[in-house]
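**Q** One letter stands for each residue in the lines below.
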Amino acid sequence: MDPVAAWLEWARGPVFRFAMLVLILGLARRFVLSVVGVARAMRVAGVPRVPWRAIFLATLASLLPVRKMLNRPFYSLASVVFHICFVAVALFFCAHVILWRRGIGFGWWSFDYRVADILTIVAVLAIVLLFLGRACTREGRRLSTGQDYFYLVLMVLPLLSGYLAAHPAVNPVSYNLMMFIHVMSGNLLMILVPFTRLSHFVLLPTAQLVSELGWHFVPGAGQKVAVALGKENEPI
Amino acid sequence: MKSLLRQEAELEKVDEKLEFNIEEYDLSDRPRRFLEAFAAILQHTNYGVVLEQYARTMAKCSLCSLTCPVYERTDNPADMPCYRAELLIRIYRRYFTPGGIIRARLFGGYTLTDEDIDEMAEYYWRCTACRRCKLSCPMGLDVGLITHLARWILAEIGIAPRALVVSVREQLEGETRNTSAFPFPAIKDSCEFLEEELRDEYGIVAKFPFDVEDVEYLFVPPVSDFMMEAETLMGNAAVMTATGVSWTLGSKYYDAINYGLFYSDRMLERIIKQLVEEAKRLRARKILVGECGHASRAAKVYVPVYGGDDAPEVVNCIEYAYQMMLDGKLKLRPNAIKERVTYHDPCNISRSGWIVEQPRELLKAICADYVDMEPNGVDNYCCGGGGGTVSIDEIRKWRTSIGGAKKAEQIRETGAKYIVSPSADCKKQLREQCQDNGLDDVEVVGLHDLLIKAIEFPDFMKAPVKSEDTEE
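Chains A and B, in that order, are what the protein sequence lines are. For the first sequence, the working numbering assigns the number 1 to the initial residue and increments by one for each residue that follows. For the second sequence, the working numbering assigns the number 1001 to the initial residue and increments by one for each residue that follows.
It is worth saying that the hints were derived from the structure and are not from the lab. Hints may contain errors.
A short, non-exhaustive set of chain A residues, derived as facing chain B with CB atoms under 7 Å [unchecked claim]:
id	residue
1	Gly-37
2	Pro-65
3	Asn-71
4	Trp-100
5	Arg-102
6	Glu-139
7	Leu-143
8	Asp-148
9	Leu-203
10	Val-210
11	Asn-233
12	Ile-236
Away from chain B, derived, C-beta distances all over 12 Å, residues of chain A [as the list claims (entries may be wrong)]:
id	residue
13	Trp-52
14	Tyr-151
15	Pro-168
16	Val-170
17	Val-173
18	Leu-198
We treat Cβ as the ideally placed atom computed from N, Cα and C, and that holds for glycine.
Let the hints inform the model, and build the full structure from the sequences given.
**A** Now the structure itself:
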């Protein structure tokens, strides 16, 4: 058997299962911890009720924050387009849905290769725009660290390799090798999500509440801090 | 594409290092004491939850920097809100998260140094805490909250502007219990003088009642109003008397100013408790805050938090006047003010959307020529002296030429004669700004200054005509 095919089986099998496990458990842990944190904060601050409706609406609004996008319209548009295309291809591409069906027993509606092609190209272009937005503006250059650029590369690898694997005509290497790169880069992405900024999507609901709650200070905290630092009797 | 094409020469880039007075404190071992203070604060407050969230979701997309008035002028990368937040968050990550601690053990990591503390002291006090950044952050992060926290930690190790500390010391530990150290007899004299002015200039009888018990409103203005904003206080008294509601001032506590909001939650709590104590002493049902932005916000948000379950409700005097106008109890003459008027939104009452329309409706009811600055309301620009920086006289040049430069441009564009600014701090900053930027014919006034000129006083307020006028 072609040695790369063996590697590919390994990547698709144990490594994929491991990555999926890490992704799901990690995200669940991240979400639960943030909810617990907010609940504890509410209890300590004495806020009685959770404004469910407000959080729900704010989360929806933050998914497409039109007003905030007007400052940097192209960058914001690129970001939104990228998110939509990436999530759509990952979840609804027919080849992926087949994998789901095999793995968990059921699938869902999907679209075919042509739609996926278009979405992939658009997503890659959006990433290029995001990269330019980081590297070509003065603010972006000064603020971005290596990690920020790394995420962009991390995102573009599965997209590009998936596209090339599906189009043997433009694929410079063998199908198996390209698929190996595709699967492994996807695995790497999944493993990194719970440990990095990439988990932001699961923190969106609590993000809305936290910024408001942060201003609701804890009564008596100041005095306890003074006692902890041994300053309670010090004059100002 | 504005930011992609912006040229270096487009804006005049000015960047000065801030220097202001702080009281002497122990200079040794600052990093350790900083971390101790940070740890104590994290343990007893909810800031840990906020930092956990922000450390994981800050994307460094730099959208916040596009709306920051300070960064717009200085173009100094450290003035970008997300960069400035990172100064504190990297310390949190390195010292207070398990991942950060392990990573530092394995790979050697960032260490907090004295220079870092100096950098934080500099940049967290360049921020005016106007919170415009939170409006443009796609993740909804409030970078102003990080500034607030960082300033508290710095204050706990002794780094806070002397001007603020001295004022708070007098308010909490001094005899006079207010930030300007005015003794009560001086206040009483000033009020009596104002009562005479009301009679002489406006022909009305309006008193400043002190220590009346069981009233609807305890009125607390910023204490500087008693001596420096005669028209505003007269306007307050006129509105309260004309609407016929029971109100009083307190002889034991008459200062709404709360600098704790700017630099220390510990002081914030103590000052709020003093205020609530006075309201309870006089059995006032509500607290009416005078024309002061940060005092209104401090009272509105923190009296319910620190004042206990039976804390009185807090109302701002503009809200009150607006409600009275709607109810028909405050009759206003249209077109009473002929000159062009514009309105400056104090950040502390407008950013949350609390007081945006009310003053505009009041002004439109009395002005012949009212114009708005753009942007305004929830999106307004800071006057330049927010977050307590206005009290630091040493940095006046910074405030008027950098922090407040955009505001000066806005004022010039409107061509207004009167700029209404219902906040004592903003008034000081705007006056200094007009002086330093050549806007000599612009007059900075409070809202009640103009209201009093336009009220149709009910008959019971009109002063009886004196037969002999020897004193006038």
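**Q** Take the hints in turn and mark each one as holding or not.
**A** Evaluated hints:
Interface hint status for A:Gly-37: upheld, as the beta-carbon distance to the closest one in chain B is roughly 4 Å, under 7 Å. About 6 Å separates the beta-carbon of A:Pro-65 from the nearest beta-carbon of chain B, less than 7 Å, and the hint is met. With a cut of 7 Å, the hint placing A:Asn-71 at the interface with chain B holds, because the nearest CB-to-CB distance is about 4 Å. Here the hint on A:Trp-100 is broken, as its CB sits about 28 Å from the closest CB of chain B, past 7 Å.
A least Cβ separation of about 33 Å between A:Arg-102 and chain B goes past the 7 Å threshold, and the interface hint is therefore violated. Taking 7 Å as the C-beta cut-off, the interface hint given for A:Glu-139 holds, the closest approach to chain B being about 4 Å. With a cut of 7 Å, the hint placing A:Leu-143 at the interface with chain B holds, because the nearest CB-to-CB distance is about 5 Å. Given the 7 Å rule on beta carbons, the hint for A:Asp-148 holds: about 6 Å separates it from the nearest Cβ of chain B.
With its C-beta approaching chain B no nearer than about 6 Å, A:Leu-203 sits inside the 7 Å limit, and its interface hint holds. Of the supplied interface hints, the one on A:Val-210 holds, with its beta-carbon coming within about 5 Å of a beta-carbon of chain B, less than 7 Å. The closest approach between the C-beta of A:Asn-233 and any C-beta of chain B is roughly 12 Å, which is over the 7 Å cut-off, so the hint fails. Nearest Cβ of chain B to the Cβ of A:Ile-236: about 4 Å, under the 7 Å cut. The hint holds.
With 12 Å as the threshold on Cβ separation, the claim that A:Trp-52 sits away from chain B holds: the shortest Cβ distance comes to roughly 17 Å. Residue-level check failed: A:Tyr-151 sits 9 Å from the nearest beta carbon of chain B, not beyond 12 Å. Under the 12 Å C-beta cut-off, the non-interface status given to A:Pro-168 relative to chain B holds; the minimum distance is some 37 Å. A cut-off of 12 Å between C-beta atoms confirms that A:Val-170 is not in contact with chain B; the least separation is 31 Å.
Taking the minimum C-beta to C-beta distance to chain B, about 33 Å, the non-interface status of A:Val-173 holds against the 12 Å cut. Some Cβ of chain B comes within 12 Å of the Cβ of A:Leu-198; the nearest lies about 10 Å off, and the non-interface call is violated.
Violated hints for the displayed structure, listed by number in ascending order: 4, 5, 11, 14 and 18.
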